[in-house]
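> Chains P and S supply the protein sequences, listed in that same order. Just so you know, the first sequence maps onto residues 0 to 73 in numbering that gives the first Met the number 0. Just so you know, the second sequence maps onto residues 0 to 702 in numbering that gives the first Met the number 0.
No wet-lab data here; the hints were simulated from the structure. All values reported here derive from a predicted model rather than from experimental measurement. Backbone N, C-alpha and C define an ideal beta-carbon position, used for all residues, glycine too. Heads up, some of the hints might be wrong.
Residues from chain S that keep clear of chain P, each with C-beta distances beyond 10 Å, as calculated [as the list claims (entries may be wrong)]:
no. : residue
1   : 140
2   : 156
3   : 303
4   : 310
5   : 311
6   : 495
7   : 525
8   : 546
9   : 559
10  : 590
Below are the PhoX-like pairs computed for lysine-lysine, each with C-alpha atoms no more than 20 Å apart in a straight line [said to hold, decoys possible]:
no. : chain 1 : residue 1 : chain 2 : residue 2
11  : S       : 375       : P       : 68
12  : S       : 411       : P       : 63
13  : S       : 262       : P       : 53
14  : S       : 237       : P       : 17
15  : S       : 241       : S       : 203
16  : P       : 17        : S       : 236
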Amino acid sequence: MFKTIANLQIGEKAFIEKLCLDNIPLKLLEMGCLPGIEVQLIQRAPMHDPLYIKVNGSHLAIRKETAEKISVVK
Amino acid sequence: MGDDKVVKVALIGNPNTGKTSLFNQLTGLKQKVGNYPGITVEKKQGICKLNDTSKAEITDLPGTYSINPTSLDETLVLDTLLNSTSESFPDVVVVVVEIENIKRNLLLFTQLKDLNIPTILVINMIDQMNRKGINIDVNQLEESLHTKIVLASARKKIGIQELKTAILSYKNLDTTPVSNITDRIDKEYFTHLKKAFPEFPLYKSWLLITQNTEFDFLDANQKALVLKFREDLGCIKKYQHKETILRYQIINEVLKDSFIVDKSKASDLRGVLDRVLTHKIFGYVIFALILLFIFQGIFDWATYPMDLIDESFASLSSWLETVLPPGTFTSLIAEGIIPGIGGVVIFIPQIAILFTFISILEETGYMSRVVFLMDKIMRKFGMSGKSVIPLISGTACAIPAIMASRNIGNWKERLITILVIPFTTCSARLPVYAILIALIIPNQKVLGILNLQGLTMMALYLLGFTAAIFSAVLLNNVLKIEKKTLFVIEMPNYKIPSIKNIFYEVVEKTKAFIFGAGKIILAISIILWFLASNGPSTFKNAEQFITSKDENKNLSESALQKKVAAYKLENSYIGYMGKTIEPVIKPMGYDWKIGIAVISSFAAREVFVGALATIYNVDSDSENSGSIKKRMAAEINPDTGKKRFDFPTGVSLLLFYAFAMQCIGTLAIVKRETNSWKWPILQLVGMGILAYITATLAFNIFS
Numbered sequence: 000m001f002k003t004i005a006n007l008q009i010g011e012k013a014f015i016e017k018l019c020l021d022n023i024p025l026k027l028l029e030m031g032c033l034p035g036i037e038v039q040l041i042q043r044a045p046m047h048d049p050l051y052i053k054v055n056g057s058h059l060a061i062r063k064e065t066a067e068k069i070s071v072v073k
Numbered sequence: 000m001g002d003d004k005v006v007k008v009a010l011i012g013n014p015n016t017g018k019t020s021l022f023n024q025l026t027g028l029k030q031k032v033g034n035y036p037g038i039t040v041e042k043k044q045g046i047c048k049l050n051d052t053s054k055a056e057i058t059d060l061p062g063t064y065s066i067n068p069t070s071l072d073e074t075l076v077l078d079t080l081l082n083s084t085s086e087s088f089p090d091v092v093v094v095v096v097e098i099e100n101i102k103r104n105l106l107l108f109t110q111l112k113d114l115n116i117p118t119i120l121v122i123n124m125i126d127q128m129n130r131k132g133i134n135i136d137v138n139q140l141e142e143s144l145h146t147k148i149v150l151a152s153a154r155k156k157i158g159i160q161e162l163k164t165a166i167l168s169y170k171n172l173d174t175t176p177v178s179n180i181t182d183r184i185d186k187e188y189f190t191h192l193k194k195a196f197p198e199f200p201l202y203k204s205w206l207l208i209t210q211n212t213e214f215d216f217l218d219a220n221q222k223a224l225v226l227k228f229r230e231d232l233g234c235i236k237k238y239q240h241k242e243t244i245l246r247y248q249i250i251n252e253v254l255k256d257s258f259i260v261d262k263s264k265a266s267d268l269r270g271v272l273d274r275v276l277t278h279k280i281f282g283y284v285i286f287a288l289i290l291l292f293i294f295q296g297i298f299d300w301a302t303y304p305m306d307l308i309d310e311s312f313a314s315l316s317s318w319l320e321t322v323l324p325p326g327t328f329t330s331l332i333a334e335g336i337i338p339g340i341g342g343v344v345i346f347i348p349q350i351a352i353l354f355t356f357i358s359i360l361e362e363t364g365y366m367s368r369v370v371f372l373m374d375k376i377m378r379k380f381g382m383s384g385k386s387v388i389p390l391i392s393g394t395a396c397a398i399p400a401i402m403a404s405r406n407i408g409n410w411k412e413r414l415i416t417i418l419v420i421p422f423t424t425c426s427a428r429l430p431v432y433a434i435l436i437a438l439i440i441p442n443q444k445v446l447g448i449l450n451l452q453g454l455t456m457m458a459l460y461l462l463g464f465t466a467a468i469f470s471a472v473l474l475n476n477v478l479k480i481e482k483k484t485l486f487v488i489e490m491p492n493y494k495i496p497s498i499k500n501i502f503y504e505v506v507e508k509t510k511a512f513i514f515g516a517g518k519i520i521l522a523i524s525i526i527l528w529f530l531a532s533n534g535p536s537t538f539k540n541a542e543q544f545i546t547s548k549d550e551n552k553n554l555s556e557s558a559l560q561k562k563v564a565a566y567k568l569e570n571s572y573i574g575y576m577g578k579t580i581e582p583v584i585k586p587m588g589y590d591w592k593i594g595i596a597v598i599s600s601f602a603a604r605e606v607f608v609g610a611l612a613t614i615y616n617v618d619s620d621s622e623n624s625g626s627i628k629k630r631m632a633a634e635i636n637p638d639t640g641k642k643r644f645d646f647p648t649g650v651s652l653l654l655f656y657a658f659a660m661q662c663i664g665t666l667a668i669v670k671r672e673t674n675s676w677k678w679p680i681l682q683l684v685g686m687g688i689l690a691y692i693t694a695t696l697a698f699n700i701f702s
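If we strip away everything but chain S, and leave its shape as in the complex, we get:
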């Protein structure tokens, strides 16, 4: 008995069938998200306890309508199911279908059955059966589909135990196909195909020759055979169409007696909601109000936890400095690592709030209506209705936003979306904007209610979106890619969102940010600390040099320390770097200290604030531990004798940070998603030039 063996289960189904709910019910918190080797598609896996002795490893495969892939995510489903020698090949496949769309959902099921893999069919959302007037004859359906059927409602925890029992006895499952479809397409052709690949199930051979990808698990001989079959593309296309039509016929025959719908019971809530939500006026008004509400959440509610995080990490740093013995180690912890971690944690509230909203909108089915409403408008800018969600996600972080663009089928529309996403104001820009706005814009009300600082922040968001739209129009005219791809989206029924699903989604997205972008931010913080606290020989002899100077003989101990620290920073490695680029950044109004912050934020924008904190921390004496804002406000420009962060410099910095492509994480993800260095380099250079020109112009106009 293989009772101690872990059963490998693959969860497959169309989008909107409640597959994720089922996955969450089966695995609970025992989930992990990794990446498939070489690609960025997330691999969601979890462990499920089947009984006292057995466990199952459940893989939640991306939702797909058919085994014939049209996107990267869907290709993965095919790869997993064809490579029978691989580690991750499932012992049993659980196909999830939804009661209301069972006909279309079964298409994928009949395809999977043809691969002779043990299969369990879960009919989900059975709690809606009576309300929708549906009646199922399970025994008859099991017989005609040659499968084990589990009736379930993942949200109401119905059928979970039954599914576990079914998984346990997966070895007894019937693996015969639903119908001998290949004979009905063209018997002669498929006999020929069978002879070419006697070692594979026939339907697997068919999939191998119909897909336009190379399968690594085939040997050279098999690959050559596949290519030979692919030569007759017209025939393959014809048979694929025929296959689909036949499958629907088979499904209709099967469902005719065992699945009965009493249409008089159907309600028209969907119709009413659709008419309002996609109305030519109300539709947009509602969408605008929802967006406003989301932004309110990101800017207003998120500030409370963010302030708390900011203060906690600052006090932790100063506490550690008093408790630990002074030295390099303490300095590394209190000035390098702790502020570095703080710089990552501070984004969690905004990212969590944004993804809570987005997943609520997706769970309810509203997002498809947004795609429907926005498609025509977005197409004018060379994008798709499906670009709206990535662009909104971009206001939290460009990295998940770029990954969310994957379901845009048309390559040109997808590429443009990816290229313009970094213009949207991501949460990494917020701390930079917040501190600069606080320094240069007076905190006063205009027209009685509107706060001037808040208005500036809103203007910067609009600036980001405008830049995204303009560059999209430009790219649409410049890029010469013409590839017709079908745009088809499902308009799912409206659902009440499941809190559990939203919770898991938010946890997953937040984790992805922390371990993706977070690692880079932390690493840069530590490198910065090192560069600021080390330097060539002039740095090492700073103390001696300053104390030996005659003019410093009469200074007090603390004043002397301050001078040493300032001299040290100037002569540290980072000080040299800042001074080297000073001539280049001078036209924008920046000195070498701001230069240091700009250099360091080429890794990620938010490092700007952290870098300034490090610079001014090193630069100030330790008793004066006021906030970074106060220190920046007090900084004087020695050339003019005025404030360092005056209006022209502030505006110039705001524009620079609005436009410049300063995020290594984003560049890396663009490279992976477009499979080329060409596009991230275009972003880096194009956005950099725009940032430099606008910042220089602004500085000179306002000076």
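The shape of chain P in the complex, shown without the other chains:
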């Protein structure tokens, strides 16, 4: 099983490994979610969705379904 952004602990950092390019909208890349970039989980909303992340200097909120598609490595 891969580890994805959705599996990170709050405050934990990891590097984006790869994005399943067919499923990932261009917009997410444009907002700074790129392979090889460090991502940090800042907070989970109540009910664990959406997720508040910091990536490439940007602070973003994405839904869990999207986060599950972005695999990360330590």
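Chain P is already provided as a structure; the job is to place chain S on it using the hints.
Same frame as chain P, now just chain S:
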């Protein structure tokens, strides 16, 4: 020299970069908001004096993260920049980036540079530079980005003059791209593309083939070529991804030496605020308190200016009636136009107060936290976290609220939001509720502190929200639209709101209401006045008919006049209309006079009160100019001998107005936003049926 020419400037940037602040600084009060032809996206333009002889026309384009659009607003940015033959094509583009998010902000900048348009880069919020431990080598950055850079702080008025000077000499700007990105993506593919469209800059051709829209400025031959390139969608998608990754690489290379951040200086205020404001308990408590505070503002504080407006217009009407010579003209002014304008102006306090709060919450960055907190809950109802702001705005007016739903990327979530917004209690319902509550609910306290009338008002608000949520759940299950769209929002840093920005925002929203909904309300008031003061032959012969009757021979002059007036109203065009629908509205407990008010408020709800005022004004003698409430309270139902506006009728009317879709302005905006008559008709019929059934049930239960 083209010194007397007006320079056309387009202001572009990511959201939250302070672009609007800069626009406000450059143009001041010389702004106007129009619509782009055919669509409802607002076009904000303003004139800026560059020096003694030259001016610039500044267009504030909607905020976007990239030139590849994902919403209607963003499409507009692309259209403006690609159509080089258009009137509105800019001479120079000013790209605004914010110092803290410069990396992401520069993505859009590098895209724009590839279009070979003269470009100035404004790095905003430089006053925060030291505090955040940031150091910029401007000369080096200018060189590697091939651009003119202006360091600015729009809020502190730093760099404005420098920007004006830069705009003046726009003809000397370097138009070469930051880097030859197309070669790095796939040289062969792009050489092929260049050959297909030799007349365009290469990056423009690339944008033409990657977007899923038709560009009107292309000729038939070009359109065919574009379609041919679009056939290989997989390749286009792959290259778009590659382009973005490459752009970030280029930006990183550029920033490596010229932009240095000392992380030890960064403060963690953001982290602390985030932990509190998005906390699973405190987050909701704080949000609820803020909402409570906003509603307090709308209901309590707004009543003072509203009462004042109400009284002023009423006294202006009666003053004019005494000063002007009697006749049709005076009647038109005093009974048609003045009350009509009053009916529009009365909403200004509430709309202004609501939008003041909303823009404060947006300016501070808090709204993004609300979206974050509410997204999961709203999704259970088929909506998005982004639906919260439109639904709150709906408590002022559904028209701006529906327009505010545009940034909801998912079409199904957006459609449901648009469809349920009219259930929220807009300020047009308030005067209707206020007068009916005053008539049927005693003004007394329960449990010592709570006012019964206030509680009823609150119950009606809850009823509106409940109806919105229930219909959203219903629509979510019924509508078969599945379109996966990305939900991603930026969580901007917290800022102290700028009073200037809030002021301009409130002025703009209020103006939009006055000139949008206001026009309809005024027009309906005048039509109503006409229909009530004209009629077929029985109307014209009213005086003769009444005076010639034997039973009326001994009446006093004033009593006779009253009888004539009542007879006239009954025989006016509107009287006939009211009587025609009486059988239909009878089950809800309404007579033909209430019917008139209901018909007239199909244009806009608030006309109900105005219509009743007109009806009872015509119906009463002129000496008795008491308030409309007193006149309504005194009205007797001839069938029962009891009060016309008794409890069952009042409740029935309240429910009818809570549910019925009575606003032409909203229907028109829904049609434009959904690009189909299907959805506004669904709203009109669905909400109408719900209103009719609940009102009829309520009337029969309480009678």
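> If a hint holds in the structure, say so; if it does not, say that too.
Status of each hint after checking the structure:
1. 140: With a cut-off of 10 Å, residue 140(S) remains clear of chain P, as the shortest Cβ separation is near 16 Å.
2. 156: Non-interface label stands for residue 156(S): nearest chain P Cβ at 27 Å, farther than 10 Å.
3. 303: Holds, since 38 Å exceeds 10 Å.
4. 310: 47 Å, holds
5. 311: 47 Å, holds
6. 495: 18 Å, holds
7. 525: 48 Å, holds
8. 546: 75 Å, holds
9. 559: 71 Å, holds
10. 590: 51 Å, holds
11. 375(S) x 68(P): 18 Å, holds
12. 411(S) x 63(P): 19 Å, holds
13. 262(S) x 53(P): OK: residue 262(S) and residue 53(P) at ~15 Å, within 20 Å.
14. 237(S) x 17(P): 14 Å, holds
15. 241(S) x 203(S): 17 Å, holds
16. 17(P) x 236(S): 16 Å, holds
Comparing the model with each numbered hint stated earlier shows that all of them hold.
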